[in-house]
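If you read the protein sequences in the order shown, they are chains L and S. So the first sequence is numbered by the working numbering: it starts at -8 and just counts up by one. So the second sequence is numbered by the working numbering: it starts at -8 and just counts up by one.
Any given hint could turn out to be false.
[Claimed, not checked] List time: in silico EDC-like cross-link candidates among lysine to aspartate or glutamate, alpha-carbon distance up to 16 Å:
| # | chain 1 | residue 1 | chain 2 | residue 2 |
| --- | --- | --- | --- | --- |
| 1 | S | Lys80 | L | Asp372 |
| 2 | S | Lys400 | L | Glu408 |
| 3 | S | Lys282 | S | Glu255 |
| 4 | S | Lys282 | S | Glu351 |
| 5 | S | Lys45 | L | Glu408 |
| 6 | L | Lys80 | S | Asp372 |
| 7 | S | Lys149 | S | Glu213 |
| 8 | L | Lys400 | S | Asp361 |
| 9 | L | Lys45 | L | Asp20 |
| 10 | L | Lys409 | S | Asp185 |
| 11 | S | Lys400 | L | Glu363 |
| 12 | L | Lys45 | S | Glu408 |
| 13 | S | Lys409 | L | Glu363 |
| 14 | L | Lys398 | L | Asp361 |
| 15 | L | Lys400 | S | Glu408 |
| 16 | S | Lys229 | S | Asp161 |
[What the hints assert, rightly or not] Covered, in the sense of this in silico footprint (three residues per stretch, anywhere, with C-beta under 8 Å from a C-beta of chain L), are these stretches of chain S:
| # | segment |
| --- | --- |
| 17 | 271 to 283 |
| 18 | 349 to 356 |
| 19 | 401 to 411 |
None of these hints come from the bench; they were simulated from the model. In this text the structure is predicted, and so the values were computed from the model without any measurement. Note that beta-carbon positions come from the ideal geometry of N, C-alpha and C, so glycine has one too.
There are 2 protein chains.
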Amino acid sequence: MSQIWIKNGLFITMDDAKPTVRGHMVVTDDRITYIGEAEPQGLSESVETLDGSKLAFMPGLINTHGHAAMSLLRGFSDDQNLQVWLEQKMWPMEGKYVDQDTRAGSALAIIEMLKTGTTAFVDMYDRMDQVAQMTEQSGIRGCLTRGVIGLCSEELQKEKLADAIQFARDWNGKANGRITTMISPHAPYTCPPDYIEKFVQAAHDYQLPLHTHMSETIAEVEQNVRDYGIRPTFHLDKLGFFSRPALVAHAVHLHDEEIALLAERGVAVSHNPVSNLKLASGVARVPDMLKAGVTVSLGTDSAASNNNLDLFQEINLAALLHKGVSGDPTVVPALEALRMGTVYGARAIGQEGQIGTLAEGMKADFIAIDLEQPHFYPQTDIVSHLVYAASGKDVQHVWVDGRQVVKHKTCTFMDEEKIRYEAAASFERLLKS
Amino acid sequence: MSQIWIKNGLFITMDDAKPTVRGHMVVTDDRITYIGEAEPQGLSESVETLDGSKLAFMPGLINTHGHAAMSLLRGFSDDQNLQVWLEQKMWPMEGKYVDQDTRAGSALAIIEMLKTGTTAFVDMYDRMDQVAQMTEQSGIRGCLTRGVIGLCSEELQKEKLADAIQFARDWNGKANGRITTMISPHAPYTCPPDYIEKFVQAAHDYQLPLHTHMSETIAEVEQNVRDYGIRPTFHLDKLGFFSRPALVAHAVHLHDEEIALLAERGVAVSHNPVSNLKLASGVARVPDMLKAGVTVSLGTDSAASNNNLDLFQEINLAALLHKGVSGDPTVVPALEALRMGTVYGARAIGQEGQIGTLAEGMKADFIAIDLEQPHFYPQTDIVSHLVYAASGKDVQHVWVDGRQVVKHKTCTFMDEEKIRYEAAASFERLLKS
């Protein structure tokens, strides 16, 4: 049994029962076994202690949409039209990826996420065995899924679907449960309807959640209406997509009726504000979705359209952007933005009650923020500071599943220097090949 | 004579003649005396050297609008309507400030700015002697101005104007020229027209630039039209405001004709994207202003409406926001956003040719960024990374006027712990008094 006692810390729990605790937290193996103002009792003789007096502790952040391996393409194409970016820059480079590139890119992304306070991430890509291995090794929690583009022969479609199912079955529950899996047709505009239905069937067969891109751009919504006579939300609903727990990324262009349907079906949204701005996709109707009761979580999307994986920036921008665009400074208040990055993220990946809050019985996925910095003074309102003043660079320590994966800003299970070197080498090779 | 030779660095110069240099830079006293690929010749025997091989060097950032002392009110009021925020929260607290509070808040703001790479800042507040003293002591460059609200008796108006002029005359050129001054009626909606004209006259009398808030909210624009029959840009023009070098903060709500007039008169704008979003003021027409030839620089505004003073975030948001809102992913490309934070900032405060680029003969105001971090890999395009992936927390060293003011992330002339403590003490006293 391993046990750690964090003494005299400030805990931003995201737990409505005890929102802020100045006191103590005990982690026993992979779980939080005590949190409260009083000193804990009955601890193991071998308990380790940590002085929490200059730190704020909060649940680890949950990044609900990304493509980790694309971190190799960070800064490779910016300030371009979407089609140029995608068709002339991203796809040709991605087409040259071999296993080692996916591995190198995923490792680079994972260390960046861990160091900036993300303890769980959703990843949709291919060569997912590589991503899963890096997830296992690094200590991060991953909700992983093979994203399938279905614009190909029936034979290749079958092969890709089988690969997606095989991956999901092989890895679900692995690494002490840190790895879970989903089933993901890439998007309604890249998968024919009958092909999407096969993913829905697989999700039912293997009791898995579904994930896809939806309504990221106006152009794809218009195409959906041209091709199928209805908007993407209704299209997916008709194909049974929302008959399983579902997470849709982006959801920028929605009508009122679509928001109502997402709420009714319990569909979670991954809001990706930085990527949506950078690719000029638009501004999602987040205040309206929250008001309707839709679970809105946060994702970075890939480092090729962000260009970092610091979820604190998404939290910050979720709180800022919708005020400025709506003209109402009261929408998406600080605590709600912080929920989007934590507890709503947990709900979006079906792990509410396991991660996303600090409470007894929860998995010990949490981060420590260094409060002794000018931008956290005066220490008037720490929730406000975490949302409006912080960045991922303020993260000092990170624990996932009770294990310390970042200690004094350094990854404990990953060789950062080697990973940076290998990412650079992969990129050079991709450029030249 | 002091001399430093930075060896084997990557220099993002912002100088069109030599945009990127991998090589060497020499600083002699307060000036850059060499930058180039070849090793420098004829150096002083006492030259210090710095290994630049894992760092990127760029001009220090220039924050063209803020109220440093308001950092005491960081997180004191968020997610509120502007009137509640201003009238019920900010003004009552600010009304209780004494010299020590202005001093404590300004010191806190200055260390945050220095540590995040800002080497020059515009500050508009009162009790400006305190701000100037902290500017002098910290080593930062400041363009300082007493902001005057004129909604008071004629006697008090006279007194405030005299104070503003006295401050501007006393401190202009002080601290080896690091301190310059401006003349600032607070805003068209807080100063009657005849009072604004007195500031314009003073600016002519003492050959000083003018600074003010303009068109931050729709409400103030509408009020201006109601009160004076014209929009604020034309109103200020009519009062002679643009007959001296002028910097206007915010400029969110502008018609085409106003943008054209700002361009014609050579008026600089301080774009404050975070503050404008947080207070729900709106989104300034930055692409249109840039296209028209207006000098658009960047400001944080105060930590009470931001809530940090990291100008890298303004650079990032300037590049992201206008893409998403306009629907055009090519507007405000990375290099242009970086210019807004450096060379356009220098132009906005009348110091182009002195600061804002790295070139021989320029003042040695520059920063070093730690490149050995996952979010800067692969090192494909450093300008892109500085704009889309960096934050102020990546700043390792800072020099102003040839003196190192931040070394390994720590201020050299300021006692950070004491400043944090005094800021907290001031805030507690303000709360209770």
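Hint by hint, here is what the structure shows:
1. Lys80/S with Asp372/L: holds, 14 Å
2. Lys400/S with Glu408/L: Measuring from Cα to Cα gives roughly 21 Å; hence the hint is violated.
3. Lys282/S with Glu255/S: holds, 13 Å
4. Lys282/S with Glu351/S: violated, 30 Å
5. Lys45/S with Glu408/L: holds, 13 Å
6. Lys80/L with Asp372/S: holds, 14 Å
7. Lys149/S with Glu213/S: violated, 28 Å
8. Lys400/L with Asp361/S: It holds: about 14 Å lies between the C-alpha atoms, which stays within 16 Å.
9. Lys45/L with Asp20/L: violated, 24 Å
10. Lys409/L with Asp185/S: violated, 67 Å
11. Lys400/S with Glu363/L: Distance of about 13 Å is within 16 Å: holds.
12. Lys45/L with Glu408/S: Between Lys45/L and Glu408/S the Cα gap is close to 13 Å, so the pair holds against 16 Å.
13. Lys409/S with Glu363/L: Since the Cα atoms of Lys409/S and Glu363/L sit roughly 11 Å apart, the hinted pair holds (cutoff 16 Å).
14. Lys398/L with Asp361/L: It holds: about 12 Å lies between the C-alpha atoms, which stays within 16 Å.
15. Lys400/L with Glu408/S: Violated. Lys400/L to Glu408/S sits at ~21 Å, over the 16 Å cutoff.
16. Lys229/S with Asp161/S: violated, 29 Å
17. 271 to 283: This one holds; 4 residues, not fewer than the three required, reach chain L with a Cβ under 8 Å.
18. 349 to 356: violated (count 0)
19. 401 to 411: holds (count 4)
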